[in-house]
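Colleague: Listed below, chain by chain, are the residues.
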Amino acid sequence: MIRLLDETTVGAIAAGEVVERPLSVAKELVENALDAGATRIGVAVTRGGLDALEVTDDGVGIACDDLRLAFARHATSKLARVADLERIATLGFRGEGLAAIAAVARVRLESRTRDSDIGYAVHAHGLDVSQPEPIAAPPGTRVRVEALFANVPVRRDYLRSPTAEFARISSFLAMLGLGYPSVAFNLTHDGRTAFTFPAAGTLDQRLAHVFGTDAARSLVALEPSDGAARVRGFVSPPGVDRGDRRLQLLFVNGRLLRSTLLAGAWSAAYATFALRGRHPFGLLFVDVPPDHVDPNVHPTKSDVRLRFADAVHDVVRRSIARALARDATSRLRDALSFAPPLQATAAAPSQDAGSSNPHAALFGAETSRELAVAATSPDANEVPPGELRILAQLDDTFVLATDGSALVLVDQHAAHERVAFEAIAARARSGTAVQEPLLVPYGIELDADEAERFERSRSALAAAGLEAEPFGERAYRILTTPAGYGARAFDLRAYVADLAEDAGGLDARERVWASLACHSVVRAGERLEHAEMTALLARLVRCKNPMHCPHGRPTIVRIEADAIARMFKRT
Amino acid sequence: MKFRCNTKDIATAVGAASKIVNAHTTVPILSNVLLAADGDVIRVRATDLEVTLEQAFPAEVGDPGSVTVPAKLFSGYLGNLPPGTLELSGTPTRASVKWERSNYDFHALPADEYPPLPSAQKGTSFAIDAKRFREGVAATIFAASSEEARGAVLMGTLMELAGDRLTMVATDGYRLAKWEATLARPPDGGATAKFIVPSRALAEAARNLGGTELVEVTALGPSGNQLSFATANASIVVRLVDGQYPNYGQVIPAQFDRSLRINTGALIAGLRRAELVAGDRASMVKINVANQQLIITANSDTTGNAYEELEVEQSGEDLAIAFNARYLVDILNHIDAPQILMEFLGPLSPAAIRPGDDVEGIAQMYVLMPLRQ
Numbered sequence: 278m279i280r281l282l283d284e285t286t287v288g289a290i291a292a293g294e295v296v297e298r299p300l301s302v303a304k305e306l307v308e309n310a311l312d313a314g315a316t317r318i319g320v321a322v323t324r325g326g327l328d329a330l331e332v333t334d335d336g337v338g339i340a341c342d343d344l345r346l347a348f349a350r351h352a353t354s355k356l357a358r359v360a361d362l363e364r365i366a367t368l369g370f371r372g373e374g375l376a377a378i379a380a381v382a383r384v385r386l387e388s389r390t391r392d393s394d395i396g397y398a399v400h401a402h403g404l405d406v407s408q409p410e411p412i413a414a415p416p417g418t419r420v421r422v423e424a425l426f427a428n429v430p431v432r433r434d435y436l437r438s439p440t441a442e443f444a445r446i447s448s449f450l451a452m453l454g455l456g457y458p459s460v461a462f463n464l465t466h467d468g469r470t471a472f473t474f475p476a477a478g479t480l481d482q483r484l485a486h487v488f489g490t491d492a493a494r495s496l497v498a499l500e501p502s503d504g505a506a507r508v509r510g511f512v513s514p515p516g517v518d519r520g521d522r523r524l525q526l527l528f529v530n531g532r533l534l535r536s537t538l539l540a541g542a543w544s545a546a547y548a549t550f551a552l553r554g555r556h557p558f559g560l561l562f563v564d565v566p567p568d569h570v571d572p573n574v575h576p577t578k579s580d581v582r583l584r585f586a587d588a589v590h591d592v593v594r595r596s597i598a599r600a601l602a603r604d605a606t607s608r609l610r611d612a613l614s615f616a617p618p619l620q621a622t623a624a625a626p627s628q629d630a631g632s633s634n635p636h637a638a639l640f641g642a643e644t645s646r647e648l649a650v651a652a653t654s655p656d657a658n659e660v661p662p663g664e665l666r667i668l669a670q671l672d673d674t675f676v677l678a679t680d681g682s683a684l685v686l687v688d689q690h691a692a693h694e695r696v697a698f699e700a701i702a703a704r705a706r707s708g709t710a711v712q713e714p715l716l717v718p719y720g721i722e723l724d725a726d727e728a729e730r731f732e733r734s735r736s737a738l739a740a741a742g743l744e745a746e747p748f749g750e751r752a753y754r755i756l757t758t759p760a761g762y763g764a765r766a767f768d769l770r771a772y773v774a775d776l777a778e779d780a781g782g783l784d785a786r787e788r789v790w791a792s793l794a795c796h797s798v799v800r801a802g803e804r805l806e807h808a809e810m811t812a813l814l815a816r817l818v819r820c821k822n823p824m825h826c827p828h829g830r831p832t833i834v835r836i837e838a839d840a841i842a843r844m845f846k847r848t
Numbered sequence: 009m010k011f012r013c014n015t016k017d018i019a020t021a022v023g024a025a026s027k028i029v030n031a032h033t034t035v036p037i038l039s040n041v042l043l044a045a046d047g048d049v050i051r052v053r054a055t056d057l058e059v060t061l062e063q064a065f066p067a068e069v070g071d072p073g074s075v076t077v078p079a080k081l082f083s084g085y086l087g088n089l090p091p092g093t094l095e096l097s098g099t100p101t102r103a104s105v106k107w108e109r110s111n112y113d114f115h116a117l118p119a120d121e122y123p124p125l126p127s128a129q130k131g132t133s134f135a136i137d138a139k140r141f142r143e144g145v146a147a148t149i150f151a152a153s154s155e156e157a158r159g160a161v162l163m164g165t166l167m168e169l170a171g172d173r174l175t176m177v178a179t180d181g182y183r184l185a186k187w188e189a190t191l192a193r194p195p196d197g198g199a200t201a202k203f204i205v206p207s208r209a210l211a212e213a214a215r216n217l218g219g220t221e222l223v224e225v226t227a228l229g230p231s232g233n234q235l236s237f238a239t240a241n242a243s244i245v246v247r248l249v250d251g252q253y254p255n256y257g258q259v260i261p262a263q264f265d266r267s268l269r270i271n272t273g274a275l276i277a278g279l280r281r282a283e284l285v286a287g288d289r290a291s292m293v294k295i296n297v298a299n300q301q302l303i304i305t306a307n308s309d310t311t312g313n314a315y316e317e318l319e320v321e322q323s324g325e326d327l328a329i330a331f332n333a334r335y336l337v338d339i340l341n342h343i344d345a346p347q348i349l350m351e352f353l354g355p356l357s358p359a360a361i362r363p364g365d366d367v368e369g370i371a372q373m374y375v376l377m378p379l380r381q
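Sequence lines, in order, name chains A and B.
The first sequence maps to residues 278 to 848 in the numbering used here.
The second sequence maps to residues 9 to 381 in the numbering used here.
Keep in mind that the hints were calculated from the coordinates and are not lab data.
Virtual Cβ for every residue (Gly too), placed ideally from N, Cα, C.
Some hints could be false.
[Claimed, not checked] Derived SDA-like pairs (lysine to any residue); straight-line CA-CA distance at most 25 Å:
no., chain 1, residue 1, chain 2, residue 2
1, B, Lys202, A, Gly720
2, B, Lys202, A, Leu684
3, A, Lys821, B, Gly312
4, A, Lys821, B, Gly251
5, B, Lys202, A, Lys821
[What the hints assert, rightly or not] Where chain A lies over chain B, by a calculated footprint (3+ residues, C-beta under 8 Å):
no., stretch
6, 156-163
7, 341-351
8, 373-381
[Claimed, not checked] Pair by pair, the computed Cβ-Cβ distance ranges are:
no., chain 1, residue 1, chain 2, residue 2, range
9, B, Ala277, A, Ala740, 33 to 39 Å
10, B, Arg269, A, Leu756, 47 to 53 Å
11, A, Gly749, B, Pro100, 41 to 47 Å
12, A, Asp503, B, Leu356, 41 to 47 Å
13, A, Leu756, B, Asp326, 48 to 54 Å
14, A, Arg754, B, Asp326, 30 to 36 Å
15, B, Ala262, A, Arg733, 37 to 43 Å
16, A, Gly520, B, Asp113, 56 to 62 Å
17, A, Arg754, B, Arg102, 17 to 23 Å
18, A, Ala808, B, Thr99, 53 to 59 Å
19, B, Asn88, A, Ala740, 55 to 61 Å
20, B, Thr220, A, Ala740, 29 to 35 Å
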């Protein structure tokens with residue numbers, strides 16, 4: 278027998294989607310406060326929100342006539358017609374927040390608008406909403422939620438301890454606070470203050486609270502960039518990372534959310550910096566025109582759909598990559614301080630190539646340009662003066678050097694890999710990649726999955742010098758390979774298998790380059806002459822990102838003299 | 009078993025055998041050499057199951073029989089003996105060597121567990137002058153691939169029989185070596201046949217089959233999947249690569265439209281110097297030909313620029329082409345002639361390189377793909 282559900286049940290079911298735990302209540306209420314233009318938001322939690330949760334703001338308030346309507350489902354002041362869904366600029370818009378909360382808790386709503394002398398209060402529980410009664414209240418709104426899930430015991434069973442539930446609220450509010458530095462936040466639990474964020478011009482205090490003091494200090498600021506999206510924020514530098522993505526905080530148009538797409542862009546920017554399985558963290562603000570984003574994907578609005586997703590992905594990746602490159606150069610300055618001896622010799626031929634050399638015409642125009650770029654590149658000039666003395670090679674693996682105040686250790690393989698990677702990448706990007714065509718093309722057969730992945734990266738591979746053409750079903754013929762760099766040993770099969778492991782973020786071209794670099798360079802366990810070590814370090818210093826090999830392992834480690842002094846108990 | 013022999017004879021044979029033995033084998037007996045005494049010769053055999061080498065030297069045999077000894081150890085011991093005579097007696101578990109006033113016992117493994125020689129069923133057979141064979145091997149196998157990822161076929165060298173001619177071809181996909189010679193004894197009825205021989209095995213054959221006039225080559229086994237190279241006192245049996253060798257005829261241009269005659273030594277020296285500068289740039293050197301001059305240039309942003317001029321005999325139009333210098337030098341080093349002939353068909357087609365003068369009964373040529381930028 279089929280029956281229409283009664284309103285109470287329908288409400289409880291709908292609420293289930295929105296109100297999952299005390300955190301959901303806090304999130305709905307705080308977002309409402311932000312949408313109301315609050316400059317101060319207080320959240321008071323009692324017993325993890327199981328007993329009570331109260332949010333107070335100084336926003337525009339709700340007029341007496343609208344108070345009862347606020348509890349009707351799909352009642353909202355934020356949206357008037359369906360077309361408005363196309364350009365949502367507020368955090369809430371579904372008009373079901375308060376209704377959903379009232380369906381599973383007792384709610385008292387007090388509010389006073391700025392142009393009214395007194396405030397009004399209503400009580401709501403389930404479908405019952407009381408008449409507004411006049412009260413004395415400051416301008417703004419206060420919502421108190423009690424006895425959450427008292428009528429849904431099952432839901433209550435799934436909650437964790439009050440401490441755990443409060444921790445979720447606390448971390449959410451602190452993260453959200455990062456997006457709204459001009460709003461003061463205050464959070465208390467059982468009457469004790471958990472944190473207070475005064476309204477402030479900088480995010481320093483809030484960053485330290487969320488990421489920890491040291492990690493926050495290491496964050497690298499992005500330069501604001503425009504394009505398909507405006508991107509601002511702070512990201513962790515290579516080498517400072519976490520085992521999960523939880524602290525990859527992302528605000529899209531002010532909304533704190535998770536986005537697989539943008540997480541992918543983030544990882545892609547770190548592709549040649551981060552070790553596999555480690556993730557960068559930080560804070561990103563991505564602003565796109567309201568009609569380019571659709572937050573109406575999920576009731577909790579925890580993911581969004583983006584129009585022009587590829588373009589946004591690209592802007593985000595590039596602006597992070599740029600910041601990392603800038604940071605790497607400045608960190609190198611801290612780690613090493615010496616002028617590369619090769620700098621002068623590297624610059625010299627380029628002057629010849631341009632003018633006086635009688636056979637300059639034989640070197641293609643591209644080559645001359647490339648040399649000129651190398652000579653005037655800011656990276657080469659930014660290297661600070663100083664003296665780094667190579668001391669020895671350790672275990673045929675590490676180069677030991679000193680600048681007088683610290684011991685500098687360089688992993689020879691990682692360092693050389695980085696040098697080779699950048700040379701290959703620069704050449705490929707400038708279109709001067711040399712190809713070695715095959716006299717006898719060789720065929721590979723791939724399974725369906727591999728073929729699909731390979732097909733996707735085929736044009737990127739061609740740009741890197743590896744051309745293949747389809748040769749029957751799921752079979753390809755390799756026509757050219759990139760010249761040099763041990764490319765003949767390049768194991769295409771392993772590369773395709775590699776693509777499977779981390780298909781998401783990584784740039785296919787960079788993966789080829791990294792693989793080539795890895796194959797072509799000195800290995801650990803190879804004896805190097807003094808001059809070779811000097812040349813290696815000099816070339817490393819001229820890299821854009823000298824601190825890490827393309828697979829994310831560090832190239833340079835610096836041990837300060839005072840750290841050594843501590844080992845000898847001399848402090 | 010028991011025999012007396014010259015220390016130098018046994019040291020040479022066991023030394024060569026120990027090079028065949030795979031040090032990392034999981035089958036213990038495969039790291040041993042087999043010494044078999046019979047009549048008045050000792051046969052020394054070693055195998056890694058792909059290649060089997062057997063050599064013979066004269067000895068004074070007391071008791072016929074066999075013994076197996078760890079190859080590297082025994083070869084190391086023999087290598088440290090001065091010339092003289094030694095006496096070896098073997099049991100299934102022990103080989104005892106007496107030399108002057110020293111006595112050594114080596115742990116042995118039972119000889120009857122040693123892999124037997126491949127089937128004696130014989131197929132196609134022919135003979136080639138031993139010196140010529142060594143030249144052919146040297147002229148070709150360097151061009152074979154050393155990348156296992158590219159497959160065993162390209163790691164092998166093709167031996168193709170047609171009439172009284174043997175053609176050997178090796179390629180790693182980028183360059184190709186082809187060498188042809190007339191056989192001393194063609195196969196019966198001028199049979200045609202193709203064998204893909206692992207290049208390493210050919211190198212072993214060329215190294216160990218010296219000091220005689222002829223090398224007898226015989227296909228073995230019911231399906232002809234092994235090849236034996238034999239002289240009077242040594243033989244190598246090789247397991248062939250199973251597969252289809254690329255149609256090399258297709259990659260050699262049928263005709264060329266310009267050619268150069270160049271002094272080999274000068275070209276090698278110029279390329280070597282220029283390659284130093286090309287460095288990480290894929291060893292790329294550019295070659296410009298005009299007005300009977302060949303100009304080699306190379307450049308790199310880390311090292312500098314190189315420029316070399318050579319006089320050449322040019323016929324046909326001018327040309328600008330780029331090569332991997334290392335590949336080109338590699339090829340030139342294998343041409344034993346004062347002058348070489350290079351032929352081209354534009355800057356993107358494969359170039360052919362041959363000795364400047366023909367040698368009676370031999371045709372040697374190389375094909376190299378130019379680089380593209």
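Colleague: For every hint, state whether the structure bears it out.
Modeller: Against the structure, the hints come out as follows:
{"no.": "1", "hint": "B:Lys202 x A:Gly720", "in the structure": "22 Å, holds"}
{"no.": "2", "hint": "B:Lys202 x A:Leu684", "in the structure": "62 Å, violated"}
{"no.": "3", "hint": "A:Lys821 x B:Gly312", "in the structure": "21 Å, holds"}
{"no.": "4", "hint": "A:Lys821 x B:Gly251", "in the structure": "47 Å, violated"}
{"no.": "5", "hint": "B:Lys202 x A:Lys821", "in the structure": "54 Å, violated"}
{"no.": "6", "hint": "156-163", "in the structure": "holds (count 4)"}
{"no.": "7", "hint": "341-351", "in the structure": "violated (count 0)"}
{"no.": "8", "hint": "373-381", "in the structure": "holds (count 7)"}
{"no.": "9", "hint": "B:Ala277 x A:Ala740: 33 to 39 Å", "in the structure": "36 Å, holds"}
{"no.": "10", "hint": "B:Arg269 x A:Leu756: 47 to 53 Å", "in the structure": "32 Å, violated"}
{"no.": "11", "hint": "A:Gly749 x B:Pro100: 41 to 47 Å", "in the structure": "56 Å, violated"}
{"no.": "12", "hint": "A:Asp503 x B:Leu356: 41 to 47 Å", "in the structure": "44 Å, holds"}
{"no.": "13", "hint": "A:Leu756 x B:Asp326: 48 to 54 Å", "in the structure": "28 Å, violated"}
{"no.": "14", "hint": "A:Arg754 x B:Asp326: 30 to 36 Å", "in the structure": "33 Å, holds"}
{"no.": "15", "hint": "B:Ala262 x A:Arg733: 37 to 43 Å", "in the structure": "39 Å, holds"}
{"no.": "16", "hint": "A:Gly520 x B:Asp113: 56 to 62 Å", "in the structure": "59 Å, holds"}
{"no.": "17", "hint": "A:Arg754 x B:Arg102: 17 to 23 Å", "in the structure": "58 Å, violated"}
{"no.": "18", "hint": "A:Ala808 x B:Thr99: 53 to 59 Å", "in the structure": "58 Å, holds"}
{"no.": "19", "hint": "B:Asn88 x A:Ala740: 55 to 61 Å", "in the structure": "58 Å, holds"}
{"no.": "20", "hint": "B:Thr220 x A:Ala740: 29 to 35 Å", "in the structure": "56 Å, violated"}
In summary, the numbered hints that this structure violates are 2, 4, 5, 7, 10, 11, 13, 17, 20.
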